[in-house]
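Chains as they are written, first to last, in UniProt numbering: chain C, 1 to 328; chain Z, 1 to 328.
FYI, nobody ran anything at the bench for these hints, they're computed from the structure. Each hint should be verified, as a subset may be incorrect.
Calculated cross-link-like contacts (lysine to aspartate or glutamate; reagent style DMTMM-like; alpha-carbon spacing at most 25 Å) [as the list claims (entries may be wrong)]:
1) K138/Z <-> D272/C
2) K138/C <-> D133/Z
3) K105/Z <-> E24/Z
4) K301/Z <-> E21/Z
5) K301/C <-> D62/C
6) K199/C <-> D50/Z
7) K12/C <-> E326/C
8) K294/C <-> E283/C
9) K199/Z <-> D187/Z
10) K12/C <-> D49/C
11) K105/C <-> E283/C
12) K301/C <-> D15/C
13) K101/Z <-> D272/Z
14) K101/C <-> D62/C
15) K12/C <-> D305/C
16) K138/Z <-> D133/C
17) K138/C <-> D272/Z
18) K294/Z <-> D107/Z
19) K105/Z <-> D84/Z
20) K161/Z <-> E286/Z
21) K199/Z <-> D50/C
22) K199/C <-> D49/Z
23) K199/C <-> D187/C
24) K199/Z <-> D49/C
No experiment lies behind these values; they were computed from the predicted model shown.
Protein chains: 2
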Amino acid sequence: MRLAARPVGDVKPEDWQHCSETVEDPGPGQFAGRTLAISLDPAMRGWLDDRPSYLPPVGIGDVMRAGTIIEVTASNHPGFQPGDHVTGVFGVQEHVVSDGKGALKVDTSLAPASTYLGALGMPGMTAYFGLLDVGALKDGETVVVSGAAGAVGTIAGQIAKARGCRVVGIAGGPEKCAMLTGELGFDAAIDYRAEDVRKALREHAPDGIDVYFDNVGGDILDAALTRLAMHARVVICGAISQYNNTTPPAGPSNYLSLLVRRARMEGFVVFDYAQRYAQAAQEISELIGAGRIKVKEHVVKGSVDDFPETLQMLFRGENVGKLVLELV
Amino acid sequence: MRLAARPVGDVKPEDWQHCSETVEDPGPGQFAGRTLAISLDPAMRGWLDDRPSYLPPVGIGDVMRAGTIIEVTASNHPGFQPGDHVTGVFGVQEHVVSDGKGALKVDTSLAPASTYLGALGMPGMTAYFGLLDVGALKDGETVVVSGAAGAVGTIAGQIAKARGCRVVGIAGGPEKCAMLTGELGFDAAIDYRAEDVRKALREHAPDGIDVYFDNVGGDILDAALTRLAMHARVVICGAISQYNNTTPPAGPSNYLSLLVRRARMEGFVVFDYAQRYAQAAQEISELIGAGRIKVKEHVVKGSVDDFPETLQMLFRGENVGKLVLELV
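Using the sequences provided together with the hints, build the complete structure.
Written out as structure tokens, the structure reads:
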């Protein structure tokens, strides 16, 4: 799936172009594979805009960038054998040829392939380092997570619960909220579509928010800023509510509570923590094994043609947990 | 000078009430004094609003809160003798009775009385801890200061220069800018009234901003956010451009550059550093003595009746350096 045009606002079907091309054989030092599953991430929207960011934008005519898991079909690379399952940023395509750069062999007998795109992939890493390193979470603190029913939010909230924190999730709709407080064990959930978030935070975080893990931006960020505890940390992980805006994002007008509460707001990009992914994956695996993290995945089965429509599910809030397109 | 009404927007003369009252004698453990000079600070505007902040609001009918320097005229307090010069939050009034709480004896043979309200008072402390502790300034970094010709900005910029940093000041008008780059030795100055701040920052901070010390908020904060270096620190000291707003302050719509640049934005309140004021004052004194910090003061001579009008000078940007009302 190649990018045909720079989208303005919502990504439209005509912004994409599906090309059929001859599958190349792997050259020296390369391997080839077929894609098993494709990760869909809110960050993808930012990659489509031609402006400076932490990665260069996807070029017009380029295969869309995406994390995927593939099965190796042929290899001239000593590190990868046919049958191996490998994750990497291989893009939205059925067949892949790679020199192995950024590729990681994974064991799908320990966890399903899709989990290596979610709890044990970038979303899991993002939750882990955002909460523990950037947020400097301490045991027993009050944590509020927005986008709480998403890929990152579900993991972040459960890591915080595992550390003995009081965890409040913000999500859209009663089903997501029930899942958070039921299956995932959050202490409270706020349905931002039905409730006054500011008032609900006053109720559910009566002593203030120590760590606010923000995936959404906009009004919800502004509401959270009114409820910070002293020395709070606001972790800026994303701003999905703003990504399809054609005007500049709404800035958090309550940012001066950073001053009043001696608080900080800090952004991060998970790639900076690559050296420590293995450590994080190990810890998350153990929490999954112990039943303290429940993996939520939203698997759409289809072909690469379904990528554009599946991506839009993220921005409509239709997914619960990690959204994955499994190629069948 | 007592607060007569909660101001809406700009503070108006009728928001104040000047009362003449009998001067009381000091009781047991108290001293009395006459006010020599009154500090005028942007933060005063926030103290007039009835909303939660780092200090309770000034009550209707209360003497306006202000840092001042007084001369002791009579004392039943063992720590203070007639003739002593003492700083404290004694308020906008000609005569003071105090139990000594928060009072600090100062030596006006070492520095003029007004300097204990400026470079060696709250503004100096604010510059010092904001830059070095919150901003975690490292030698040789690029520092941008807004409100650079004000009480805090002049000191912050010169402390950074003394640490070998590249220092860019943002101020209003050619005279202030000439003073910054001339007398105070800043590397560059940007006149926000005449220049495109974003473009000017690109020129004067070509490698990005490591520490942005913000006194003003609004559009200038937003411009600075577009020019952050990796791992930048944005120190939220104040937001004078927003204090007289009757609507919520404009939030920084470019806050997502915190994510792209792995940067943080952090607020602080100088009172938290009270235990270390003496250390900071010592270091600033030495820099003044060595000629590396030039003290800029804007002294208005008058009576407490001149307080309302003098306060407005801050919000019109009419002061250069520390604004002080000296009672004559």
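For each hint, the structure was consulted:
1. K138/Z <-> D272/C: holds, 22 Å
2. K138/C <-> D133/Z: holds, 22 Å
3. K105/Z <-> E24/Z: Holds. K105/Z to E24/Z sits at ~22 Å (cutoff 25 Å).
4. K301/Z <-> E21/Z: holds, 22 Å
5. K301/C <-> D62/C: holds, 24 Å
6. K199/C <-> D50/Z: holds, 19 Å
7. K12/C <-> E326/C: holds, 21 Å
8. K294/C <-> E283/C: The hint holds at about 14 Å.
9. K199/Z <-> D187/Z: Cα-Cα ~16 Å, so holds.
10. K12/C <-> D49/C: Distance of about 14 Å is within 25 Å: holds.
11. K105/C <-> E283/C: Roughly 18 Å separates the two Cα atoms, so the pair holds.
12. K301/C <-> D15/C: holds, 22 Å
13. K101/Z <-> D272/Z: Distance ~16 Å between K101/Z and D272/Z Cα, so the pair holds.
14. K101/C <-> D62/C: Holds. K101/C to D62/C sits at ~18 Å (cutoff 25 Å).
15. K12/C <-> D305/C: holds, 13 Å
16. K138/Z <-> D133/C: holds, 22 Å
17. K138/C <-> D272/Z: Holds, at about 22 Å.
18. K294/Z <-> D107/Z: holds, 19 Å
19. K105/Z <-> D84/Z: holds, 7 Å
20. K161/Z <-> E286/Z: holds, 14 Å
21. K199/Z <-> D50/C: holds, 19 Å
22. K199/C <-> D49/Z: holds, 22 Å
23. K199/C <-> D187/C: Between K199/C and D187/C the Cα gap is close to 16 Å, so the pair holds against 25 Å.
24. K199/Z <-> D49/C: With Cα atoms ~22 Å apart, K199/Z and D49/C stay inside 25 Å; holds.
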